[in-house]
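Asks: Residues per chain, in single letters:
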Amino acid sequence: MGFILISLIILIGIASYFLGNLRAKNLRTSNQKNLKSLSHYYGYYVALWAVVPALLILLMITSFKSFFIEQYVLSDFIALGSYTETELSLLFTQIENTALGIKLFDENTILINGAVNKLNYINKTSENLTYVTVLGLSGLLVLYSLFNINNKLNSRKIVEKFLLVLYFTCSLVAIMTTVGIIFSLLYETLRFFSQVPITDFLFGLNWSPQRVFVREAGDLDTRDLANAFGAVPLFAGTFLIALIAMCVSVPVGLLTAIYMSEYASPKVRDWAKPIIEILAGIPTVVYGFFAALTVAPLVRDIGQGAGLTVSSESALAAGFVMGIMIIPFISSLSDDVIKSVPQSLREGSYAMGATKRETIVKVLLPAALPGIVGSFLLAVSRAIGETMIVVMAAGLNAKLTANPLDAATTITTQIVVILIGDQEFDSPKTQSAFALGLTLFVVTLALNFIALQVVKKYTERYD
Amino acid sequence: MTDRIEQRINSLNKRLNSEKRFRIYCIGAMSFALAWVLILFLNIFSSGYSAFYRTVIQVDVPFLNLIEDTTQFSEMSSEDINNLSMYSFSKKAIYGLFPDIEEKKDKKMLIRLFSIEFEQEIREFLKSNKSNINETETIYLTASDDVDQVNKGNYPRDLDEDKRRIKDIQLLFFDDLVDRGLVSYEFNLPFLMRGDSREPELAGVGGSIVGSLFTILVVLILSFPIGIFAAIYLEEFAPKNRITDFIEININNLAAVPSIVFGLLGLGIILNTFGLPRSTPLVGGIVLSLMTLPTIIIATRASLRAVPPSIREGALAVGATKMQAVMHHVVPVAMPGALTGTIIGLAQALGETAPLLLIGMVAFVVDVPQTPLDASASLPVQVYLWSESAERGYVEKTSATIMMLLGFLILMNLAAVLIRRKFETKW
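As they're listed, the protein sequences go chains A and B. One point on numbering: in the numbering used here, the residue at position 306 of the first sequence is 306, and numbering is uninterrupted. One point on numbering: in the numbering used here, the residue at position 185 of the second sequence is 185, and numbering is uninterrupted.
Isolated chain A (complex conformation) (with noise of 0.2 Å):
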């Protein structure tokens, strides 16, 4: 229904704007007085009034629909009074199947017939009254500003207006996507905290969730809970991992940095930067399935060749390519920062002498060290919020451990293991989930802060 009535919509302005352009056509070949813009922005004029407004009533609508069919539906039930808000919520759905011709009930009552009844027959009229509405709004709208043009409206400046407004709101989506995240995530952290004491979660040394699951709701003490609820060991997880992929990543990644920009030929660079560079392009998923697939599996073939236990599940494997992952990540910032120290530099120390080697470690990276560091940050960032490699090919319980031939989980494995499929909104187990959320989106943005203050503050200027 949608669908029909906005392409409906869309018609009208259409065919509105060419109205409205035909209007001041006519209106300055009759009248032979000037209009204030040139013809086509009436034309525009005409549109705007056209489909803005229809979409606008169209959008509250269809957002409050729901909610007051079900009002209707359910009256006869709610002037019962014996039904809590969720019976009620479930009935409404058993309604609605009923409707479609799922038999739920195992007879029906009056009540239930009446209310199907209804529903259907609601259905029918808000659909139908939603055409007339919208529809007849638009027309009425197209009417009112073909008749308002006249040579005092000019219409450039509100279409022109129009234009900066729209504009302005959709430079205001990423405040409002930042301002979502903070709310969604504090609001069920704060719920979640007032269940768990806060110093629990951070400093707890016991993670298992599923038990709170598992016992029954009348069963839980706060004793449950906060030993159920320790994140340290998700923290040390995330820590262990994001450290080996840090050991892999950096000696790698700023070395072919230092390769790229100090010795590589032009024609080598051409070719090797943008496949190295391939390496950010391919999604995570891919990493995790060759990770689980067949990293791990080599990685404890290869320590059981030594002697050692590896788990299948080790944080060796996931961090290790995860480290792949990120190479690309360092290599190109560093590359920037070390090609970006001025020539003069460089000629300086070939002149004192210095080998090549010897001018990178003493001058380049000396003068591009607040660069490096600021890329390990953002890599590191990277890292800790890194979901898909971990959650296929790292250990899915809590244990705290440091050895990395171990099954080690991290923050964001916990957050997917816990939301994947059903969950029930109320338990503090989901709420968990956006506790850990709430670390990781702080942890991240307080490394993506010190990384710029980094650069920005101990980045020498030569020029």
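Any given hint might turn out to be false.
[Unchecked claim] So the derived label-pair ranges between C-beta atoms look like this:
{"#": "1", "chain 1": "B", "residue 1": "184", "chain 2": "A", "residue 2": "94", "range": "49 to 57 Å"}
{"#": "2", "chain 1": "A", "residue 1": "94", "chain 2": "B", "residue 2": "96", "range": "48 to 56 Å"}
{"#": "3", "chain 1": "A", "residue 1": "63", "chain 2": "B", "residue 2": "129", "range": "45 to 53 Å"}
None of these hints come from the bench; they were simulated from the model. All C-beta atoms in this analysis are idealised placements derived from N, C-alpha and C, irrespective of residue type, glycine included.
Since the structure of chain A is provided, determine the placement of chain B on it from the hints.
Replies: Chain B alone, transformed into the frame defined by chain A:
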């Protein structure tokens, strides 16, 4: 004297050697990175290409046993054919491959060489050829996943029987069929067309390709106009004040927020507060467009900034309003850059998995979705789903899905490069 010279030469040699070593380290590091690109692609391709063909087994189906006169089929509607009871008939047709076997257990084993939908396949054949069915028709039936994997050589035959999914007697049947030339390969069209399935040989990526397509479409419709408008405002119209600064900081921060946080946003706000339907490309698209917006805005702003001021000033000088100068002269010039940024953003969105897991696009969906409001999976989510399955057949399917995903990404990036090469103006 000679001592000092020797000392100098020694130290010089040392320095030159360390220079050489350093250079080798650098080359080694770069080769390491390049090698992993190669390994990754080889690994995926070598295990994935075989999913694009499938094993079929020729079976002679005596339709005369089903009906007295095969011309009668042409008068039947599809409905009638659907109502025909064909299960035992189809089974008998398969038993016809080995008329000698008597034991019930062996017969069961024989049936298991085929996919569980063998009856359906015969029915479909009947439906599409009902006007000219001969007394006996040769039909290529899909082999079961185990047979498929053995035939492709992906499955070890020399394991103990109780460790294998395929039994000795089945292998015996299979080898005999191979000797009789009844086993062949066919292009795996169903893999590209069908939805997900619990049986690896019947599972396809069609559903998730369509799901991905819908998702990307929603992302395009939402994020392209919003991103470009926002960029135009911030670059061309915004006054330099606190609100603008705040918006800028916000956009840069959003670009660095981990994708899973956007999933939490989608779950908390879009699903639970606004009540949009779970598991649908619509919601997936909304979440992913919020994620790609910063990319598009940043790219578009960069290309707007690259338009020389002389163009703006020229337009203003001949009497255009600010809006006209921007919309008629600056934005068209900046469009290639904006398009490139959008395509790169869309490519990111296409490969994104984590937020989709949280908004429930991991549902097991058998039907190919028809609209963006149907529950569906997407290509990367399909990779995740299948990689969790134990059956051997899903490994090649997963790799093949990855190949298609990578193929789409490469195409999109190529398009971005081409647009940039062809339309970008240098000033």
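Asks: Each hint should be assessed against the structure and marked as holding or not.
Replies: The hints, checked one at a time:
1. 184(B) - 94(A): 49 to 57 Å: For residue 94(A) against residue 184(B), whose Cβ atoms are near 52 Å apart, the range 49 to 57 Å holds.
2. 94(A) - 96(B): 48 to 56 Å: This hint holds: roughly 51 Å between Cβ atoms.
3. 63(A) - 129(B): 45 to 53 Å: This hint holds: roughly 52 Å between Cβ atoms.
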